[in-house]
Amino acid sequence: MPLAIRTEKLGKTYLSGFLRRPFVALSELTMEVRVGSSFGLVGPNGAGKTTAIKTLMGLQRPSAGQAWIHGVAITDHESRRRVGFMPERPYFYEYLTAWEFLDFYARLTEVEAAARRPRIEALLERVNLDRFRHVPLGKFSKGMLQRAGIAQALVNDPDLVVLDEPMSGLDPLGRVLVRDIIQEERRKGKTVFFSSHILGDVEAICDEVAIVVAGTLRGQGTVRELIGQTADEVDCTFVIAGDPPGRVMRRDGDRVTVRVPSGNVDATIDAVRAAGGHVLEVHPNARTLEEVLLDEVERAKLVNEKRLGVLA
Amino acid sequence: MNRVYVIAANTFREAVRDRVLNSILFFAVILLCLSLTLKEMSIGDTAKVVRGVALGGTSLLAAVIAIFLGVGLVYKEIEKKTIYTLASKPLPRWHLLLGKYLGLWITLAAEVGLLTLFYTLVLATQQGLPSLGVYLAMVLLMAELSLLTAWATLFSTFATPMTASAFSVCIYLIGHFADDLRLFAERAEDGPFKTMLSILYRVVPNLESFNIRDEAVHGVPVPWSEVLWSGAYGLGYSAAVLAVAMIIFERRDFK
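So the protein lines, in turn, are chains F and B.
Residue numbers for the first sequence follow my numbering, beginning at 245 and rising by one.
Residue numbers for the second sequence follow my numbering, beginning at 644 and rising by one.
Keep in mind that the hints were calculated from the coordinates and are not lab data.
Possibly wrong hints are sitting among the right ones.
Claimed, not checked - Simulated pairs of lysine to any residue, SDA-like, Cα-Cα distance not exceeding 25 angstroms:
#	chain 1	residue 1	chain 2	residue 2
1	F	386	B	824
2	F	545	F	321
3	B	898	F	317
4	F	545	F	288
5	B	724	F	415
6	F	383	B	880
7	B	898	F	257
8	B	898	F	493
9	F	383	F	344
10	F	432	F	386
11	B	724	F	388
12	B	719	F	379
What the hints assert, rightly or not - Listed next, with one range per pair, are the computed distances between beta-carbon atoms:
#	chain 1	residue 1	chain 2	residue 2	range
13	F	263	B	826	53 to 61 angstroms
14	B	896	F	385	15 to 23 angstroms
15	F	534	B	891	18 to 26 angstroms
16	B	883	F	361	38 to 46 angstroms
17	B	756	F	382	25 to 33 angstroms
18	F	290	B	703	24 to 32 angstroms
19	B	851	F	385	20 to 28 angstroms
What the hints assert, rightly or not - What the simulated footprint calls covered on chain F by chain B, stretch by stretch (three residues with Cβ under 8 angstroms from a Cβ of chain B suffice, anywhere in the stretch; the number is not a length):
#	stretch
20	335-349
21	492-503
Built from N, CA and C at the ideal position, the CB exists for glycine as well.
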């Protein structure tokens with residue numbers, strides 16, 4: 245399977261303050277992003293997501309390990325030839341109009357002259373900024389800037405789109421737009437690699453997710469794998485006078501939710517129907533990505549405390 | 644190299660749309676106009692006074708613009724975080740710096756060109772067309788500005804605009820007193836102070852070697868060899884300073 249991104253024990257340590265104290269922002273990140281997948285990097289604030297992205301984009305030099313984009317080492321600027329990138333909370337040249345802004349990046353990424361105009365037109369329309377093409381970016385709202393930033397990342401029709409927190413600062417409509425764009429790119433066979441706090445969106449659009457906590461990778465896999473969708477138990481909600489078979493989890497008048505082993509679902513439903521009840525809802529007792537992330541944060545804390553305990 | 648031009652063009656566009664810069668340019672035009680009124684107040688050769696004030700004013704204001712724009716050249720990109728989208732593009736970082744430097748140079752050339760044109764028009768109506776020496780003085784002013792801009796660019800790769808401005812102004816001042824510095828070094832007593840002065844004289848550019856404004860004002864011819872030599876000196880020195888700036892810029896982390 246060809247890889248869009250591969251990192252091997254990638255690390256970044258900052259030296260901060262007068263005493264140049266080391267601060268590990270990213271440690272031994274090893275992951276693989278398949279070509280054509282949509283890959284979400286999730287984690288709490290300060291987990292190292294942006295550090296990882298900036299290192300991959302050549303904005304920082306790695307302190308340890310290596311990484312490759314489309315097989316080219318990230319230390320070579322050629323690795324970013326087929327890449328589009330939007331940084332977190334993008335700031336752009338305020339004196340440029342939306343059109344000039346996209347034209348500048350199109351020229352910089354060597355989009356052919358004939359292809360530039362139609363490409364920019366299409367992108368402005370795609371991110372709903374076509375009415376503002378001649379307005380300087382300095383007059384744009386935060387959400388409009390974010391959309392302009394996404395258009396900028398797509399201007400060279402890249403094979404890999406890297407977006408740092410693309411949903412932040414967007415209203416629900418803007419979020420739906422970004423989600424649609426990500427899915428559209430994926431359908432075209434492009435790879436989308438992005439970080440996000442909004443886990444619902446990540447769950448909805450990602451093929452694969454990596455969880456980063458305190459600079460280290462705490463898990464990688466499909467959303468299904470991470471949240472344990474192959475749950476052994478299923479929660480069933482019925483409208484029934486008596487108690488249905490199974491462990492009662494909740495009761496609200498004649499609405500009862502029971503938890504049963506996944507193998508017993510059919511039998512339970514049959515029994516409820518036989519007793520004159522109705523089925524309202526059946527869903528596997530799986531954790532959400534948010535719960536998985538919170539667990540990992542807790543676990544990281546425990547590991548840290550243990551380590552400090554040993555040191556003490 | 645086409646992309647170096649794209650960045651240069653964008654830097655030029657940024658400068659043209661900068662209100663502060665336009666105000667300085669406006670101020671320069673006012674100064675040129677004011678120089679005309681000086682002839683009413685001066686005694687002796689009034690035409691020379693007008694030429695002197697106009698040439699001196701142009702060079703000083705151009706230096707102010709060079710420092711003002713140069714010190715923010717890289718810093719502004721980092722502070723405004725526009726560097727993230729720029730430095731992540733598939734081109735070597737030194738192309739970015741070269742493009743920004745050239746953009747600034749083109750801006751300065753346009754400003755000096757505009758002022759020279761205005762000066763020519765004003766002088767043509769008052770005392771006839773200026774001599775060739777005036778234009779040569781402007782060409783050498785551009786060589787001086789290349790050097791000053793290179794230093795400002797170097798400072799902007801690691802210092803805040805405030806610090807970088809202070810450093811650049813120091814270079815400008817010391818550069819114009821370089822001959823005095825050499826004299827001072829020669830006459831100083833042997834010891835660490837003398838060594839320090841001679842090192843300083845060798846490192847700091849001799850900006851007076853680009854100054855043929857007095858000759859232009861008084862109509863004294865300047866040998867071509869001197870003009871060419873000064874031009875080559877400016878070009879070589881600027882390239883060396885820019886090379887150091889590129890090395891620093893190449894190694895920078897953009898947090």
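Comparing the hints with the structure gives:
no.: 1; hint: F:386 to B:824; result: violated (54 angstroms)
no.: 2; hint: F:545 to F:321; result: violated (37 angstroms)
no.: 3; hint: B:898 to F:317; result: holds (20 angstroms)
no.: 4; hint: F:545 to F:288; result: holds (13 angstroms)
no.: 5; hint: B:724 to F:415; result: holds (23 angstroms)
no.: 6; hint: F:383 to B:880; result: violated (41 angstroms)
no.: 7; hint: B:898 to F:257; result: holds (11 angstroms)
no.: 8; hint: B:898 to F:493; result: violated (49 angstroms)
no.: 9; hint: F:383 to F:344; result: holds (14 angstroms)
no.: 10; hint: F:432 to F:386; result: violated (28 angstroms)
no.: 11; hint: B:724 to F:388; result: holds (17 angstroms)
no.: 12; hint: B:719 to F:379; result: holds (22 angstroms)
no.: 13; hint: F:263 to B:826: 53 to 61 angstroms; result: violated (44 angstroms)
no.: 14; hint: B:896 to F:385: 15 to 23 angstroms; result: violated (31 angstroms)
no.: 15; hint: F:534 to B:891: 18 to 26 angstroms; result: violated (44 angstroms)
no.: 16; hint: B:883 to F:361: 38 to 46 angstroms; result: holds (42 angstroms)
no.: 17; hint: B:756 to F:382: 25 to 33 angstroms; result: holds (28 angstroms)
no.: 18; hint: F:290 to B:703: 24 to 32 angstroms; result: violated (49 angstroms)
no.: 19; hint: B:851 to F:385: 20 to 28 angstroms; result: violated (52 angstroms)
no.: 20; hint: 335-349; result: holds (count 8)
no.: 21; hint: 492-503; result: violated (count 0)
In this structure, the earlier hints numbered 1, 2, 6, 8, 10, 13, 14, 15, 18, 19, 21 are contradicted, and the remaining ones agree with it.
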